[in-house]
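Top line first, the protein sequences correspond to chains A and B. Here the first sequence stands for residues 1 to 426, numbered as in our numbering. Here the second sequence stands for residues 1001 to 1426, numbered as in our numbering.
Since the hints were made in silico from the structure, they are not lab data. This one's a predicted model, so the numbers in the text were calculated from it and none came from an experiment. Treat the hints with caution; some may be incorrect.
Claimed, not checked - Simulated crosslink set (EDC-like; lysine to aspartate or glutamate; CA at most 16 angstroms straight-line):
| # | chain 1 | residue 1 | chain 2 | residue 2 |
| --- | --- | --- | --- | --- |
| 1 | B | Lys1246 | A | Glu419 |
| 2 | B | Lys1281 | B | Asp1245 |
| 3 | A | Lys281 | A | Asp245 |
| 4 | B | Lys1246 | B | Asp1191 |
| 5 | B | Lys1246 | B | Asp1357 |
| 6 | B | Lys1246 | A | Glu3 |
Number of protein chains: 2
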Amino acid sequence: MAEIDPSAVEQVATAARAAREASRRLALLSRADKDAALHAMADALEAAAPDVVAANAEDLARGRDAGMAQGLLDRLALDERRVHGVAQALRDVAALPDPVGEVVRGSTLANGLQIRQVRVPMGVVGMVYEARPNVTVDAAGLGLKSGNAVILRGGSAAESTNRALVEVMRATLEARGLPADAVTLLEGGRDAVRALLTARGLVDLIIPRGGAGLIQTVVTESTVPVIETGVGNVHVYVDAAADLDKALAITVNAKTHRPSVCNAAETLLVHEAVAADFLPKVLAELAGAGVALHTDAAAGAAAETAGVPHTDATDADWDTEYLALEMAVRVVPDLDAAMEHIRAHGSGHTEAIVTEDRAAARRFTAEVDAAAVMVNASTRFTDGGEFGFGAEIGISTQKLHARGPMALPELTTTKWIVEGDGQVRA
Amino acid sequence: MAEIDPSAVEQVATAARAAREASRRLALLSRADKDAALHAMADALEAAAPDVVAANAEDLARGRDAGMAQGLLDRLALDERRVHGVAQALRDVAALPDPVGEVVRGSTLANGLQIRQVRVPMGVVGMVYEARPNVTVDAAGLGLKSGNAVILRGGSAAESTNRALVEVMRATLEARGLPADAVTLLEGGRDAVRALLTARGLVDLIIPRGGAGLIQTVVTESTVPVIETGVGNVHVYVDAAADLDKALAITVNAKTHRPSVCNAAETLLVHEAVAADFLPKVLAELAGAGVALHTDAAAGAAAETAGVPHTDATDADWDTEYLALEMAVRVVPDLDAAMEHIRAHGSGHTEAIVTEDRAAARRFTAEVDAAAVMVNASTRFTDGGEFGFGAEIGISTQKLHARGPMALPELTTTKWIVEGDGQVRA
């Protein structure tokens, strides 16, 4: 790999040291102080909404000139209503319990030592993400509440918007006597990102949010610990013992409710015993909702009979996260074949079985290796908000530290506090 | 970096795939089956003790020929009594609760979905470590109990011993109808290690155990998630309000009880208000225990007055993990200076304050950023066994996933199981 531009390394080191200083003060703030700051930031963002929208208009104009797709422009766009929504999210974070100080476990040892494991902030958390500017505010809010300083690297497409948002938040912190470096926007080119990813010892954690390419880059290049998020090649398996009405509702919801997100289903697996009954209905309904179908031979034959348009699935289809109104469909001989397919092609995000058979459900939940395994529910429920966390900073698809939806506790680490009265080891 | 020998990559990939297959079976074993296997392995190791000792004699002879230091030869050596000790450790692991299946949290959502977060094995865990062959058996035992397959890379100095130990354990597993690939010894040169460290997707976690050089290599080269362990530049701070008898006992214990391990103290910081009282006593006692003292000007003057031999501390001393009967000593003007010194030089392992002042203790435990922070206790207590975990696979000095002593729960990840009766998102 080419060497990183030394000036970028220096820029990131300076920012990270300032963030570290800030994090030392954030770690000691009371919940009341943090919540008051979150409310003040929300008020300030609402007051500055016209400026934010104006900055966003610059980004949108640049995007349009560059031929950005309409879907991306939609995700980038902020109007005053959306700015109020973003601000409200900060107030929602203020309402959540403070994870810092939670005693995770503890005991008194035989020698009288009192030990307890207590949640403490990570320190400095780097976020690398793509276009959506609401992530900028969400990450700053969750970071502040969990006592962490954040270094934010948003997509260049949202540059002006992110700058406006971060400026408001920093000014608010400063006005309250809190460290502005609790929130830093990392500017600069690709070398700035590479410098962030290799700032081991200065940055405690990197969380990437975005497409598979972004995540792959971060995971490969980073020497700072990373929590991998969000790639979801998600399956719904309709078992021989499925209630087919539930299966129909779940499949359609998992595919079409919001196809662009990671917990949307990409492949439907159907047990051959119910294929003749189930496929004509589900394929017709999916096609009716605008879903392009990629079918194996058996599913293709069913589509043919039902007069539903479809194309033959290629090997690549089983590994594709469409993030769009497309779905691969395969008929499997049994539960083992379904689980074998998921093992071979799943990304460890969310996998669902539809069945009334207790034994099948038990095997599926025990043997399928994923962040979330569902029985008779839409895969769309893998979400911090739905799980009742009140917020979400991403969905981890790795096994270390956090797995599944991440919120405030996942932004903390722990410290053992040991209190004695002179104990020594014999 | 030079490309890794493709045959080493292939060797590791083959081993990791076999370990993955094994891990799928291990994940579903009952506690009773795992415990019975651990007991059988212990019995088999005891029965094979003469063979293990003979293999160890080869390693020792090779070590002596190569001029290995006596301390390392001692750590490498296994006699029949030590083999029985190693076997007994497997029985101790069998007696511990099974972490797999533990419900970490859970709730019923407003829509009726029942969600629970359940501990499950990591999958395949790689261990890279140095001479001590007991780590081979400990890691295999903790791996099996937590449902993980382990790939072990011990030091080449213990090659014959490790081969003998792993052979016995694999044969025992096989004889019980369990997958031998639950325990794999990785042989081959440096490229085999590099291939292991970059087997992302095949290996779920790497735990290095050994000196700073080994850990640095693993952390830098690995693309598989790593838990950094064990480097301990540990401080004891004797506050103005310290009980000096406790301070004396704690300092001497922390330094001399077992100087070669990571939780031994390396630097003594003394508040200037008690320096005149405390230093003559502690320096004399340390020197009497054979500790070489590296003193700053004030501590040096006290040593001079007390007639205790000492050398001037250099800047490098404050950053040195001696792992030997050596200690750096510095006089500080106040608690803030002590914490600033620790911030600048500590490795985030264990830090101790000796004080009867509640406010000082509260500040120290809140502000010092380390895996373990102690009040009035020897730093030697940072240990899985001492904390009551019943075992220890290492002491994490990083913030992600685990911090401090790691045992069985730290070798697991979690999975969300979501059970519904047809719920979809509105």
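Each hint tested on the structure:
no.: 1; hint: B:Lys1246 to A:Glu419; in the structure: holds, 13 angstroms
no.: 2; hint: B:Lys1281 to B:Asp1245; in the structure: holds, 10 angstroms
no.: 3; hint: A:Lys281 to A:Asp245; in the structure: holds, 10 angstroms
no.: 4; hint: B:Lys1246 to B:Asp1191; in the structure: violated, 50 angstroms
no.: 5; hint: B:Lys1246 to B:Asp1357; in the structure: holds, 14 angstroms
no.: 6; hint: B:Lys1246 to A:Glu3; in the structure: violated, 52 angstroms
Hint check: violations occur at hints 4, 6; the rest are consistent with the structure.
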